[in-house]
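> Below are the chains, spelled out letter by letter.
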Amino acid sequence: MRYGGIDIGSRYIKYVVLEDTELSGVYKLETGYDPLGTCRDLMDKTRPDHILATGYGRHLLQTHHAVETVTEIRAVAQGAREVFPSCRTIIDIGGQDTKVVQLDENGVVAHFEMNDRCAAGTGRFLEIMAKTLGFDLTAFGDHCLGNGDNLTISSLCTVFAESEVISLIARGAEREAIAMAIHQSIANRVVSLAKRVGVKDAVVFAGGCARNRCLRSIFEKKLQQPILVAENPDILSAYGAALMARR
Amino acid sequence: MSGKYTEMWRSLGLNLEAHQGLLAVLSDAYKGIYLSQKNRPEGMKYFDLVISEVHGQRIVEIVEEKIKGKPVFGTFCIYVPEELILAVDGVSIGLCAGADVGAEEAEKYLPRNTCALIKAFMGFKLAGLCPYVESSDLIIGETTCDGKKKAYEILNEITGKVHVMEMPHMKSEEGKSLWMSEVKKLAAKLTEVSGKEITLEKLNEAAAVVWEKRRALQRLSALRAFDPVPISGLDALLINQVSFYDNPVRFTQMVNALCDELEVRVKKGMGVVQKNTPRIVISGSPMAIPNWKLHAIIEGSGAVVVGEESCVGERNFKTQADPQFPSVEQGLEAIAERYLTINCACFTPNEGRLDDIQEMAQRLHANGVIHYALQFCTPYMVEAYKVKERLGKEEIPYLRIETDYSMEDMGQLKTRVEAFIEVMKDGMAR
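Chains A and B, in that order, give the protein sequences. Take our numbering: the last position of the first sequence gets the number 401, and nothing is skipped along the way. Take our numbering: the last position of the second sequence gets the number 1117, and nothing is skipped along the way.
Careful: at least some of the hints might be erroneous.
As the list claims (entries may be wrong) - Computed Cβ-Cβ distance ranges for the label pairs, DEER-style:
id, chain 1, residue 1, chain 2, residue 2, range
1, B, Met-1097, A, Lys-182, 25 to 31 Å
2, B, Ser-859, A, Gly-300, 50 to 56 Å
3, A, Ser-308, B, Gly-690, 53 to 59 Å
4, B, Gly-1039, A, Asp-203, 51 to 57 Å
5, A, Asp-188, B, Ala-909, 48 to 54 Å
6, A, Asp-303, B, Ser-868, 54 to 60 Å
7, A, Ser-321, B, Thr-1006, 14 to 20 Å
8, A, Ala-324, B, Thr-846, 45 to 51 Å
Claimed, not checked - Derived lysine-lysine pairs resembling DSS-like cross-links, with alpha carbons at most 30 Å apart:
id, chain 1, residue 1, chain 2, residue 2
9, A, Lys-376, B, Lys-1075
10, A, Lys-375, B, Lys-1075
11, A, Lys-349, B, Lys-1080
12, A, Lys-376, B, Lys-1073
Calculated from the structure, these hints are not laboratory results. The beta-carbon is built from N, C-alpha and C at its ideal position, and this holds for glycine as well.
Kindly produce the complete structure, drawing on both the sequences and the hints.
Set out below in structure tokens:
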């Protein structure tokens, strides 16, 4: 039997295919302006026997193809727990949502928190800032210098934070130091969300932003514990959905 | 409801074009959210009619009452004693505050970061969209929160007809005596505006009307404890919203008739949703008409709302004052005392509200509680922490939501609510 888990995010569609218990395919495509078309292509290509949709656009598949859905909160919990059986806390930074999920001993979702309405503290924030500073997003986290003590980005709003960055550039601040300040700013916001939920060992960092080494090391410092990151952190929700499709 | 009321709306000074637009939006929203529901009780037809005539026939009735010499009193808070208004033959109306309208106008006076409810009541007035506020002879405000308190100063500048009751913020002896004197001051003000003294006969009569109304709402609340639940949360919310501006005697009759029907449903084991559907109690800021946002999300996601620990809900009818008073003085005291049993987040401490939430969750067999706060509604936003602590201790699943009247966060809210329902279902399966 073939099982699919599709995660329709605000920036990317992630798709995982399982052949019985084996991982047989992983896809990541830009969501763009026609996510339904992209999903149809992926489904036509792989023809899964069962499929489960998650992510921001999950209802699109539910409406058009009667695909069952699960929230990304539950999906990421399943995926993270499968990869790291000791996982009790998940920090998931996606394109437009930041979520912190706490699991009980059995891996069932106990509590969760999400960022409020705007892009503050999300992947989109990081993306806009990388662009403002002229860095490639995938290498943004490798360009942070200093400890962030001398510069701070205080605004939580993406638009205002961008103008703060621009005025720092105008003052002649090093762009690597500004990069550090931006990462600190996101991390502060996410850590306060995590503390609200309560952090339990082990902590898994999921979502595309988990590839960012700088964010990961700030979290480790602030939470004073190691942070686990999967090889493909951005597909954990899709993987979780595929696992649930199998059940 | 167009043509036949146009002249009346014009004479009330409404902005006809904008008002027409509002009614069209309201009517579409109502069709989409309410009329699309399945298994609705027959008794809801009356409330559908009331909504379709909210700015029409009901205003005609109010204007007719005014012609007969009955003044109209507009209110924004369940702390304003309805008994006293009825005792001077007044019409008591909860004013429009539940939709994102006239925000541009309101923001000429108010900061952008003001709670949606305050912005809305200013917006409705300034944009000329609320026939109730235009019909009011007196608007009765209260110092529950800072935002309202300061906004009333501005509303009074604009309308010249605002009376503000000073709310104590502690239920101490001093607080009680302040409240008692405020209730008496209101009674004098009502007499001044209406030209009618509050007699014992009138007061007892008025208190009996309000008592019956609250009893009908209590009856409705009790019926929501059954599984399968005989009425949707959306419909029950609507009834609670309508309770603020319908004729109280007719409203009571219609709620009781509906409850008769719901009792039959319960006996037959009939519900509006299947047995074992996840059940949610909502607690927090008031949901003024037509704010149906959270209920619509929840009930569109496979759960059902079984209670509202809210001013538009349980707080409005949970407690009663025995309506047969021996004297006017004792009547005013009993009424003042009864109102002080309402557990609003403007009080400190406010442990009673935590008990109320817990009691409702248990009595209504809720699988979880969603704390709802309007953004910038500081008393409820802060008190959410205490609610979380209490529910955590009782192992009742809890979700905290802060939002406003706009639709921009629908996607995120839906994800949160669906995830919360998944958590509740996990709990139910165990």
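> Confirm or reject each hint.
Hint check:
1. Met-1097/B to Lys-182/A: 25 to 31 Å: holds, 26 Å
2. Ser-859/B to Gly-300/A: 50 to 56 Å: holds, 54 Å
3. Ser-308/A to Gly-690/B: 53 to 59 Å: Taking Cβ atoms as reference, Ser-308/A and Gly-690/B lie about 56 Å apart, which means the hint holds.
4. Gly-1039/B to Asp-203/A: 51 to 57 Å: Since Gly-1039/B and Asp-203/A have Cβ atoms about 55 Å apart, the given range 51 to 57 Å holds.
5. Asp-188/A to Ala-909/B: 48 to 54 Å: Since Asp-188/A and Ala-909/B have Cβ atoms about 51 Å apart, the given range 48 to 54 Å holds.
6. Asp-303/A to Ser-868/B: 54 to 60 Å: holds, 57 Å
7. Ser-321/A to Thr-1006/B: 14 to 20 Å: Violated, since Ser-321/A and Thr-1006/B (Cβ atoms, about 56 Å apart) do not stay within the stated range.
8. Ala-324/A to Thr-846/B: 45 to 51 Å: Because 49 Å falls inside the window, the suggested range holds.
9. Lys-376/A to Lys-1075/B: It holds: about 25 Å lies between the C-alpha atoms, which stays within 30 Å.
10. Lys-375/A to Lys-1075/B: The given pair, whose Cα atoms are some 28 Å apart, holds under the 30 Å limit.
11. Lys-349/A to Lys-1080/B: holds, 18 Å
12. Lys-376/A to Lys-1073/B: holds, 26 Å
Hint 7 alone, counting from the list given before, is not met by this structure.
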